[in-house]
Amino acid sequence: MDAKSVVKFVAEGGNILIAGSSELGNTVRELSREFDVEYDTKNTAVFDHFNYDQALGKEKHDTIAVSPASHMSKIDAIVPLDQLPGPILFRGIAHSVNPRNSLLTPILWAPQEAYSWETANQEDTANQNPSITGKDIALVSVMQARNNGRIAFLGSTEMLSDVFFAASVKKHGDQEAKSGNRKFIEELTKWTFQEKGVLDVVAVEHHKVGEEEIPAHYRIKDNMTYTISLAEYHDGEWHPFAANDVQLELIMLDPYIRKTLDQVPLDAESTVGTFTTTLQLPDQYGVFKFTVNYKRHGLSYVESVTTVGIHPFRHDQYPRFISQAKPYYTSAASMGVGLLIFSFVYLWGGLDSSVKTTKKA
Amino acid sequence: MAKFRSLLVLTLLASISTVLAESWKVSDINLAVISRDGGKKDERKLEYPHAGEDLIADSTDSLKFTFKVENKERPHQAMVLFKSQDEFKDEIMVAASVKSSGKGRFELNFAKADPKFKYGTRKYSMAFLVGGSKVDEPFKYTLGNIEIHAPSSNSAVRPSGVEYAAKPEIHHQFRPDQKLINTVVSGFFTVLVLAPFTVLFLLWSQLGIKFEPLKALTQKPLELVSALVFFGSLAGIEYVFYSYWTHVTLFPVLQYLGVLSLVAVVSGRSVLSAVQARRIQRTSGSAKKEL
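Those protein sequence lines, which keep their order, are chains G and P.
Each residue of the first sequence is one higher than the last, beginning at 1 in my numbering.
Each residue of the second sequence is one higher than the last, beginning at 362 in my numbering.
Since the hints were made in silico from the structure, they are not lab data.
Some hints here could point you the wrong way.
[What the hints assert, rightly or not] Under the rule of at most 20 Å between Cα atoms (straight-line distance), these lysine-lysine pairs were calculated in the PhoX-like manner:
id: 1; chain 1: G; residue 1: Lys135; chain 2: P; residue 2: Lys495
id: 2; chain 1: G; residue 1: Lys74; chain 2: G; residue 2: Lys183
id: 3; chain 1: P; residue 1: Lys444; chain 2: G; residue 2: Lys135
id: 4; chain 1: G; residue 1: Lys60; chain 2: P; residue 2: Lys433
id: 5; chain 1: G; residue 1: Lys289; chain 2: P; residue 2: Lys528
id: 6; chain 1: G; residue 1: Lys170; chain 2: P; residue 2: Lys495
id: 7; chain 1: P; residue 1: Lys495; chain 2: G; residue 2: Lys60
id: 8; chain 1: P; residue 1: Lys501; chain 2: G; residue 2: Lys60
id: 9; chain 1: P; residue 1: Lys450; chain 2: G; residue 2: Lys135
Values in this document were obtained by computation on a predicted structure and should not be read as measured data.
Pulled out of the complex, with its shape left as it was, chain P reads as follows:
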């Protein structure tokens, strides 16, 4: 019976020890920021599960991390996960070495560490991860935050590819319409251009022009016809010019002009010789009178 009882106690003890072994126990956790010359800038003594206050480190500083694993088994993973607290959420894992005594440590020199530490001044959350296949339940301890400054030179550039997405729309900028002057101004100049006509008619009216030859024409039908044809061809040429401006193209215009100018030359000869005859008659008449 006593033997059986001791066996029971043993199995109980054994089961207790396996229960104990189902989680990792870590103590004596320290974080320290070491400057380049070896001086300690800042340190935190941490007690699970309380997170330490924020640390600040320069790009040339080192981070020293020490702890002690209380379990008999040695963990396979004893690493600190740094996670950047920006939109990229970069993850960097730093492994510690653990001695057979259970003491573990790492010293992380940011100048030589993962280039992701050099993407700019960023804040990182730190989580201590302890795990191994011997123990079912892993250990995770949020240590706190650390702000790591970007190096003044040689900062790393995040690699990135082309993002396949809709691109911003482009609206074409049309050239602005040509600026035109006010129509009042152009209207004024239109009137000004017509003004010489009034001057012309005024002066002519003072001269007292009489259309005697025109009246005389009615008695000479042959001259009347050639006069009408000549004047008509002149008006026709003007009309061809007008239609060239509005709608007719060059080559038809040249044809019309060819025909009309021929008519104008032929009829013009007889009309102008009539004018000539009149003038000679008048000069001889007036000369007679002077004599």
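Extracted from the complex, chain G is given alone in its bound form:
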């Protein structure tokens, strides 16, 4: 197995969970690098003399207790903070993530006093700046590729062990607490293997205001209604999705309109979350795309594109009787009426010949 075949697996939509340790081998390093994750060099570990667990980390101060309230990302779609009973124990290798990569998110990072150093030779002082320290040390991070394939990177295999699941955490100067590892790993694996945080577009509808059918095309400045239905998968079935930040964009090269959709209130019978808005189309004709591009951390990406044509007014759709144009209408009409009067007078009128002759005589 090499890194390339695993990358191909992800490109085909596969999901992976990678857990390393201080003895991490080259294949996994190479693979992680493909996803912008860089594990620290071999035989290094995360040390923290301030936040070590007094039972598991007594020897080397290498088992650290991380408080989820301050050192875990606030993405409830992946691991909800309020469900964790206590700090998370970690013993293993540090990794760093490329901050330019938006698909990659650290989920758990080290306390500020932590540093990554060689596991051997604890006697001497670490007399060079550690390669990564503090919150730059990612302990767990996740990536969701553009095809919604999910990968989780862990620096510790022991995080997943029964010992860590069952341990109670006692940090220096803190109360003893139950370890949050079991719930954390449970939620993380659920997310990684597409058992939660999965969104799907159920339906897209659009029509003119006052109509029901999808028209062949719209005309500029038409009022129209757009509706999209989204469902979210978790706990083994599809549920209606609720959010207040789903946005519709009208794009022709550039976005002309971007509007936040209103959610139709959910009730007990709702099976999908319905988001809708009514808007006036721009006074620009062309082929537009109605796009809902909903990308949020922890949720699978939604990209719904509907292509519609917007036509200009036809020649006979402009306003017809403008009061300001009355002089033109009147002059045209007076031409017509004048012709009738003139021809009537020409054909059947005549000067009184008797009057004329008497004058001459």
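Add chain P to chain G, keeping to what the hints say.
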């Protein structure tokens, strides 16, 4: 008994020494800002746990830090944590080297240090961290703050990716409606356009036009019919023009015009020849009178 007592004392002493070893002791802590030419710009002699006053350093300066660890054991971590006092809270850790005598130091040249020092002029809090696996309790000492100026050139740029969040709404700016003149003005011109009719009727009334031929028509039913048909076709053509303006499209209009104009030509011939006949009659009559 004496032997037992000395053993007790020894164990007591030993336990005291382990109690002592449970925390780190650091003394002789000094901070100094050194300029590029080696001159000392500022310095602080610090006494745990009091923080020193704020320091200011230029981007080309160095920060010199010295201390002495009093414990027998050597710490694994003897580092100063710089934390930026802005919304990013960047963390930078700088390690000191500690000799076997316990003396430790570092000299940090900001020009060559971590690029995070070059993100701009920022204030950093400094905390001295001493820790090691031999001693359970770590030592943390907040040294104070230091303001480090951004380099005048080659300042670093914070890497950042695309933030997935709701974007600002875009409202389309519709082109404003065409500006139209006041209806009073157009009303005035409407009246002006109709004014020639009054002039026409005024002048005609002075001419004294009599509709004798029209009265004569009543006696000639054949001419009356053709006159009615001709005038009707003319009016009809005008009506077709009107309906073309309002609602009828081009091709039906062409059909109507085709039929009506044919009628107008045929009926017009007889009507106009009647007019011609009248004129000839009149000119010959008046010529007779002149003669």
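For each hint, the structure was consulted:
no., hint, result
1, G:Lys135 x P:Lys495, "violated (25 Å)"
2, G:Lys74 x G:Lys183, "holds (16 Å)"
3, P:Lys444 x G:Lys135, "holds (11 Å)"
4, G:Lys60 x P:Lys433, "holds (18 Å)"
5, G:Lys289 x P:Lys528, "holds (17 Å)"
6, G:Lys170 x P:Lys495, "holds (18 Å)"
7, P:Lys495 x G:Lys60, "holds (8 Å)"
8, P:Lys501 x G:Lys60, "holds (19 Å)"
9, P:Lys450 x G:Lys135, "holds (10 Å)"
Comparing the model with each earlier hint shows a violation of hint 1 alone; every other hint is respected.
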